[in-house]
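Position chains B, C, D, E, F and G against the provided structure of chain A, taking the given hints into account.
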Amino acid sequence: MIKPLGDRVVLEAVEKEETTASGIVLPETAKEKPQEGRVIAVGTGRYENGQKVALEVNEGDRVIFSKYAGTEVKVGDKEYLILRESDILAVVD
Amino acid sequence: MIKPLGDRVVLEAVEKEETTASGIVLPETAKEKPQEGRVIAVGTGRYENGQKVALEVNEGDRVIFSKYAGTEVKVGDKEYLILRESDILAVVD
Amino acid sequence: MIKPLGDRVVLEAVEKEETTASGIVLPETAKEKPQEGRVIAVGTGRYENGQKVALEVNEGDRVIFSKYAGTEVKVGDKEYLILRESDILAVVD
Amino acid sequence: MIKPLGDRVVLEAVEKEETTASGIVLPETAKEKPQEGRVIAVGTGRYENGQKVALEVNEGDRVIFSKYAGTEVKVGDKEYLILRESDILAVVD
Amino acid sequence: MIKPLGDRVVLEAVEKEETTASGIVLPETAKEKPQEGRVIAVGTGRYENGQKVALEVNEGDRVIFSKYAGTEVKVGDKEYLILRESDILAVVD
Amino acid sequence: MIKPLGDRVVLEAVEKEETTASGIVLPETAKEKPQEGRVIAVGTGRYENGQKVALEVNEGDRVIFSKYAGTEVKVGDKEYLILRESDILAVVD
Amino acid sequence: MIKPLGDRVVLEAVEKEETTASGIVLPETAKEKPQEGRVIAVGTGRYENGQKVALEVNEGDRVIFSKYAGTEVKVGDKEYLILRESDILAVVD
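Residue numbers (my numbering), protein chains in the order written: chain A, 1 to 93; chain B, 1 to 93; chain C, 1 to 93; chain D, 1 to 93; chain E, 1 to 93; chain F, 1 to 93; chain G, 1 to 93.
Hints are supplied without guarantee of correctness; some may be wrong.
With a straight-line cut-off of 25 Å between C-alpha atoms, the simulated SDA-like cross-links for lysine to any residue are [what the hints assert, rightly or not]:
(1) D/K52 / C/G45
(2) E/K3 / E/E72
(3) D/K52 / D/A13
(4) F/K78 / D/D87
(5) D/K52 / G/E48
(6) B/K52 / A/L81
(7) F/K3 / F/Q51
Going by beta-carbon spacing under 7 Å, a handful of chain F positions derived as facing chain G [said to hold, decoys possible]:
(8) L5
(9) N49
(10) Q51
(11) E56
(12) E59
(13) I64
(14) L89
(15) A90
(16) V91
(17) V92
(18) D93
Calculated directly from the structure, the hints in this document are not laboratory data. Yeah, the Cβ is synthetic: ideal placement off N, Cα and C, and Gly gets one too.
Only chain A is shown next, with the shape it has when bound in the complex:
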């Protein structure tokens, strides 16, 4: 299990079937780095003026995040992205 600290969030990549305009399914290496992920774990919160405040995102949320934000880590066989909540732009339903 992986428990992020403070205002950090752990994401796993969301696989998108990616098809070009001409209908060809692209192999992995030709795809753009994904900007969407699913929340696996959230930190205990962050401090605002001395008070601890819970994060806005929840486990299971599908989110859009800033390209290049965060740190990729590998725990066991799985790859995750750990970033600060402030690098998450929006939740997508």
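What follows is chains B, C, D, E, F and G alone, placed relative to chain A:
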């Protein structure tokens, strides 16, 4: 549906009929990047000294924003711009 | 109508009759970029330590501002400058 | 009249009779940029932790300021320097 | 004994058996710099708005930290990494 | 008289008899820029979280300061250094 | 006597017998710059949100500090390092 976090705002582009001085309607690629948008969704607010404060803009507002601000995202077929409220300069009625 | 957000102010340029030492009225392009403007609209205020504080300038004030500050925008046929109040140096009576 | 905003101060240059070691009075262009000025007007004050605090300098004070600080402005025929009080180092009696 | 100050944490490296895809165990120099460590000691805490707050990690925790963060020190024969808690991304169970 | 503002301090240089290892007294230009000075005047204090706090140094203190800190000014025939108290490292008795 | 200001600390170098792997004692110039020191004097403390807080280190503590941190000063014949407490990583018992 797309729900921005914190002080972020989701905009969609506002199409302007764009005509040159000589009256020719320009094709898309010859236009300047628009600085106007319509608010699609607003975040839950931002913290000021430990208190959560609602954003000033509202859904449906037509706004002027700083060129190059924000991040372009694609949700389904539609393109949006997600930016912080502080990158919005003014509301235009 | 244009309503600036927060601590922002909308200015319109103040035309100065500009004459060189030799008495020749200069055409537009030979003039220096003006540093004076008239306040058209003021934002709702800014936060100081969690309290909202009204701006110091008022609609109609003639002000001196920092060269290159702010963003030029066009609303309808008119050109405005939107800047933060902190880029305004002084009010001139 | 010129009224600076917030923590800003308006200065006018203090003319110093400037003589070289050999006793020659230097023409204007050979002088160093002066670092002294007289306070013409002071802003309404600045915020410290949410409370408005009056400036330390007063109209008429002779002050030493950081070289290159501030913005030179011309109001009517007169030239002034507008700077933040924090760019003023000391009052000279 | 080593007692970190404030929000600092002392880590020791966690050895991972590192095997390439082809099954060869790599000698030390061919390994990537590890991003995992075990907490040896934690500082007395950090200040949030004037109140001292205990750190989130505890002695014995296995943690993931930002590559290149912190300072390597040698006390006696042993090598440690001292970093700020904010450079620790997550605790791994 | 020279009265520094806020957290600023006025120093005068402390002359040190400077002798090389071989016992030769160095002429002025061969000396290192001094890092010691005597406090001539102290500002009214600085703000810490909205409260004005007196400076730690007093008139007459002999202090060590950061090389290159501050601004050299000339008042009448005398040269002073005006710096922020935070550029003073220690008082030497 | 040397009294550091605020959050500053005065250290003296801790001499380590330094021997290479082959058992040769290195002359002074071949050694690495030491990262350990002994606390000679501590400042009066630092402000956290308007309250003065005592430093964590005490006179006599043996400490590890960031390489290149602080300023080397010479008082009389002795050399000291003056640094901020935040540049001290840990106390070693």
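Results of checking the hints against the structure:
no.: 1; hint: D/K52 / C/G45; result: 15 Å, holds
no.: 2; hint: E/K3 / E/E72; result: 15 Å, holds
no.: 3; hint: D/K52 / D/A13; result: 29 Å, violated
no.: 4; hint: F/K78 / D/D87; result: 22 Å, holds
no.: 5; hint: D/K52 / G/E48; result: 21 Å, holds
no.: 6; hint: B/K52 / A/L81; result: 28 Å, violated
no.: 7; hint: F/K3 / F/Q51; result: 21 Å, holds
no.: 8; hint: L5; result: 19 Å, violated
no.: 9; hint: N49; result: 3 Å, holds
no.: 10; hint: Q51; result: 6 Å, holds
no.: 11; hint: E56; result: 5 Å, holds
no.: 12; hint: E59; result: 15 Å, violated
no.: 13; hint: I64; result: 5 Å, holds
no.: 14; hint: L89; result: 5 Å, holds
no.: 15; hint: A90; result: 5 Å, holds
no.: 16; hint: V91; result: 5 Å, holds
no.: 17; hint: V92; result: 5 Å, holds
no.: 18; hint: D93; result: 4 Å, holds
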